[in-house]
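**Q** Now for the letters of each chain:
There are 2 protein chains.
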Amino acid sequence: MLTFAEASEIVSLAMTKGIKWLEKEPANLYEPMRYILQQGGKRLRPSLATMCASLFCDAHDETFMQRTVFPCMAVEVFHNFTLIHDDIMDHSDMRRGKPTVVKQFGENAAILSGDSMLLEAYRILALAPPACMTNLFNSFTHMALELCEGQQEDMDFETREQVTLPEYMEMIRKKTAILIGESAYIGALIGGSEYEEAKMLYDYGVELGIAFQVMDDYLDMYGDEKTFGKKIGGDVREGKQTFLFLRALEILGKSREGHTLHRWLKAQGLDEQEKLTAIRSIYDRINITKLVEEEMDLHYQKALQKVKTLQKGRKWTDEQVKPLLELATTMATRKK
Amino acid sequence: MLTFAEASEIVSLAMTKGIKWLEKEPANLYEPMRYILQQGGKRLRPSLATMCASLFCDAHDETFMQRTVFPCMAVEVFHNFTLIHDDIMDHSDMRRGKPTVVKQFGENAAILSGDSMLLEAYRILALAPPACMTNLFNSFTHMALELCEGQQEDMDFETREQVTLPEYMEMIRKKTAILIGESAYIGALIGGSEYEEAKMLYDYGVELGIAFQVMDDYLDMYGDEKTFGKKIGGDVREGKQTFLFLRALEILGKSREGHTLHRWLKAQGLDEQEKLTAIRSIYDRINITKLVEEEMDLHYQKALQKVKTLQKGRKWTDEQVKPLLELATTMATRKK
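From first to last, the protein sequence lines stand for chains A and B.
Count along the first sequence from 1, add 393, and you get the number used in the numbering used here.
Count along the second sequence from 1, add 393, and you get the number used in the numbering used here.
Be aware that one or more of the hints could be misleading.
Given that identical chains are not distinguished, each listed pair holds provided it fits within a single copy or across any two copies.
As the list claims (entries may be wrong) - In silico EDC-like pairs for lysine to aspartate or glutamate, Cα to Cα no more than 16 Å straight-line:
1. Lys592 <-> Glu688
2. Lys701 <-> Asp596
3. Lys647 <-> Glu554
4. Lys695 <-> Glu416
5. Lys633 <-> Glu554
6. Lys417 <-> Glu539
7. Lys701 <-> Glu618
8. Lys701 <-> Asp711
9. Lys715 <-> Glu688
10. Lys417 <-> Asp549
11. Lys619 <-> Asp609
12. Lys410 <-> Glu643
13. Lys633 <-> Asp547
14. Lys705 <-> Asp677
15. Lys633 <-> Glu560
16. Lys592 <-> Asp609
17. Lys647 <-> Glu399
18. Lys695 <-> Asp596
19. Lys633 <-> Glu551
20. Lys417 <-> Glu500
21. Lys705 <-> Glu587
Since the hints were made in silico from the structure, they are not lab data.
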C-alpha cells in the first residue's frame, strides 16, 4: 500500500487538476472555492482515503488517478465546505494565516460558495465505481448530517453551564472524528474492499480522529505557538469546555479546586494571562499531560486493534499495512 | 395517473410523517427545519414528482408511499433549503406571512439547518429504488449546482448596469425552472420510466418553470396584493432587471423611451410611487401584458410538445396524460 507521504503527493497532483477544473463562470461563485482549496493544509483526509484505497487495488495502474484518487477528493472538498461555513458562524477572520472566505469575499459569497462546495463533493464522489455508489452516497450523507449535529452541539455547549465528558467526547466524535473515519471508509470501498473491511477502517479513522482532537485541545494550552499555528489559550479565552477542562473536573469532582477551576473558566472581564496561569496551574498539579497521553493511547490502541482484525481476514503481514500503523503512531503522538 | 390535486393530497400526508421524523436532537438544528416545512406553501415540486411517478407505476399499490412518494419529497426539502439560505443572503424578514428562519432563529441556525436540509434531501433521495440511484444522484447534484450558479448570476445582475434578455432567461432557467424540471424527472425515474421519458418530463417541467417565473415577474407589477401575497412593485423598488423590463428594452431599443425606462429603474432616492407609475405607463404603452402572454404561450406550447412526444412512444391517449396537460394550462395561465 502507499505510504501517507506517497498518497499525499498524488493528492496534491489531483488537487491541482481539480482546482483548474473550477475555473468556471460565474467567477464570484467559483473563485472562493479555488481560494480555499489552493491554501493547502495537510490534506489528511484525502491522503488517508487514497492510502486505504491502495490497500485494495493497484496504485500504479494508469486508471488509479481517475477512478480512485479523484472520488477520494470528495472528503477534502467537503472538509473545506465545513470550514467556509464554520468561519461565518464563528466570525473568524483568519485561517491558515490568510483571510477566511467570509472575510475575503463577504458573507453571501461564503454561504453560496460553501453550499456549492458541498454539492461539488457529491459530484466528485459520483466519479467512483458504480458498484459501490449507493453505499458511498448513503454513508457520506449520514456522516455529513452527523457532522452538522456535532457542530450544533458544539455551539449549544458554549451557552450550557455544565457539559459532561461523555457528551463532549460524543460531540468531538461527530464534529471531527467521523469525517476522518469516513475518509478511510470511502477510500477502502472505492479501492474495492468488502463492506466489513471498509467498516474496520472507518473505526480506525474515528479513533485516530478522537486522539487528534484531544491533542488539539492539549496543544491549545500547552503547544508551541509557532508550530501550532494559533495563539495559545484560545479555548480558555472563549470559556470553552474542552477535554482538558472536563477531564480535570472529573478528577477534582465537587472539591474546592473543582469549583475554582469552573469559576476561573467562566469568569468574565479578568486579566487573560492571570486566568490562563491559574487554570494551567491546576492542570499541572493533576498532571493533565499524563491524562491526555493516557486518553490518546486508549484510542491509539483501539485503532491498532482494528488494523489487526483487518490483517487477520486477509492474512496480511504487519509490513503490508505498515502505513496504517505509522499514521496511527504519528497522529496519536502528534506534537503540533 | 394521479391528478395534481390527488398527488398534492398524498404529498401533504407524506410531509406530515416526514416532519414527525425530524423531531430529533439537537433541537436547535432540527426545529428550524420543521418550522419552515410546516409552513406549507404550494408543494408544487413534490406533487409534480408524485404525479409523474404515477404515470409509470401503480399509485394504489401499498408500497407507493414508501417507495415512491417519500423519495419524491427530496425536491421539497431541497427547495426549502434554498429558501432558508436565500433569505439570509437577501436579508428577508418575512416569507409566507411568517418570520423567515434567519429572523426567527438567527443567522447561525439558518446557515447550519440549511446545510442539514440539503443533506436531508440527499438522505431522502436515497430511499428511491437502487436501480435508478446513480442517475438520480447525478442529475440531482447537477441541478443543484446549476441552481447555485443561477442564484449567483441573479446576485451579479443586481450590480450590473445592463443585462440582456437571453442572459436573464438563462438565469431564471437555472434559478427557478430546472428544479421544477428535476422534480418531474426524478418522479418519472422513481416511478420506473425509461431515461428518455424522464428527460422529456424534465424538459416539460423546465418550460413550465420558465412560464411560472415570467408570470411571477408580471404579477410583481400587475398582480393583486392579496392573492400575490407580496407587496406590488418590489422588483422596481429594488431596481431589478426583470423579464418585463428587459423585454420592454428590447422593444424600445435605443429610443428615447428606452433610455427613460432605464433611467427610471436605476434612479435612486425618488418617490417610489412616482417611479412605479412612470415605469408602468411605459409598460402599458407597449402592451407588456400581451408580450408576457406571448412568452408564456411559447413555453406552454413547448411543454405540450414534450407531452405529445412522450404519449407517442407509449401510445397514450390525451386522457391518460390529462393531469400533465391540466397542470400546464394552470401554470401557464396563472394569475396569482
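**Q** Could you run down the list of hints and mark each one as holding or not?
**A** Evaluation of the provided hints:
Within a single copy, lysine 592 and glutamate 688 get their C-alpha atoms no closer than 23 Å, and across copies no closer than 55 Å, so neither meets the 16 Å cut-off. Taking identical chains as interchangeable, the C-alpha atoms of lysine 701 and aspartate 596 lie at most 16 Å apart only when both belong to the same chain, with a minimum of 12 Å there against 54 Å between chains. Taking the shortest Cα distances, lysine 647 and glutamate 554 sit within 16 Å of each other inside one copy (15 Å), while across copies they are farther apart (67 Å). Taking the shortest alpha-carbon separations for lysine 695 and glutamate 416, neither the intra-copy value of 43 Å nor the inter-copy value of 34 Å comes in at or below 16 Å.
Proximity of lysine 633 to glutamate 554 under the C-alpha cut-off of 16 Å is restricted to the intra-copy arrangement: shortest distance 11 Å within a copy versus 48 Å between copies. With identical chains, the CA atoms of lysine 417 and glutamate 539 are at most 16 Å apart between copies only, with a shortest distance of 12 Å across copies and 31 Å within one. In the homo-oligomer, the alpha carbons of lysine 701 and glutamate 618 never lie at most 16 Å apart, since the shortest distance is 36 Å inside one protomer and 69 Å across protomers. For the identical chains of this complex, lysine 701 and aspartate 711 are intra-copy neighbours only, at 9 Å inside a copy versus 65 Å across copies, given an alpha-carbon limit of 16 Å.
For the homomeric pair lysine 715 and glutamate 688, neither the shortest alpha-carbon distance inside one copy (23 Å) nor that between copies (66 Å) is at most 16 Å. In the homo-oligomer, the alpha carbons of lysine 417 and aspartate 549 lie at most 16 Å apart only across protomers (15 Å), although the nearest pairing inside one protomer, at 38 Å, exceeds that limit. In this assembly of identical chains, the alpha carbons of lysine 619 and aspartate 609 lie at most 16 Å apart only when taken from the same copy (14 Å versus 57 Å across copies). For the homomeric pair lysine 410 and glutamate 643, neither the shortest alpha-carbon distance inside one copy (49 Å) nor that between copies (42 Å) is at most 16 Å.
In this homomeric assembly, lysine 633 and aspartate 547 come within 16 Å of each other (Cα to Cα) only inside a single copy, at 9 Å, whereas the closest approach across copies is 40 Å. Proximity of lysine 705 and aspartate 677 under a CA criterion of 16 Å is satisfied in neither setting, with 42 Å inside one chain copy and 81 Å between copies. Taking the shortest Cα distances, lysine 633 and glutamate 560 sit within 16 Å of each other inside one copy (14 Å), while across copies they are farther apart (49 Å). For the homomeric pair lysine 592 and aspartate 609, neither the shortest alpha-carbon distance inside one copy (25 Å) nor that between copies (50 Å) is at most 16 Å.
Taking identical chains as interchangeable, the C-alpha atoms of lysine 647 and glutamate 399 are never at most 16 Å apart, the minima being 50 Å within one chain and 62 Å between chains. Within a single copy, lysine 695 and aspartate 596 get their C-alpha atoms as close as 9 Å, which meets the 16 Å cut-off; across copies the closest is 53 Å, which misses it. Taking CA atoms no more than 16 Å apart as the test, lysine 633 paired with glutamate 551 passes inside one copy only; the shortest distance there is 6 Å, against 41 Å between copies. Taking CA atoms no more than 16 Å apart as the test, lysine 417 paired with glutamate 500 passes in neither setting, with 21 Å inside one copy and 29 Å between copies.
Taking the closest pair of Cα atoms, lysine 705 and glutamate 587 come within 16 Å of each other only inside a single copy of the chain (14 Å); across copies the shortest separation is 45 Å, beyond that limit.
When held up to the earlier numbered hints, the structure conflicts with 1, 4, 7, 9, 12, 14, 16, 17 and 20 and fits the remainder.
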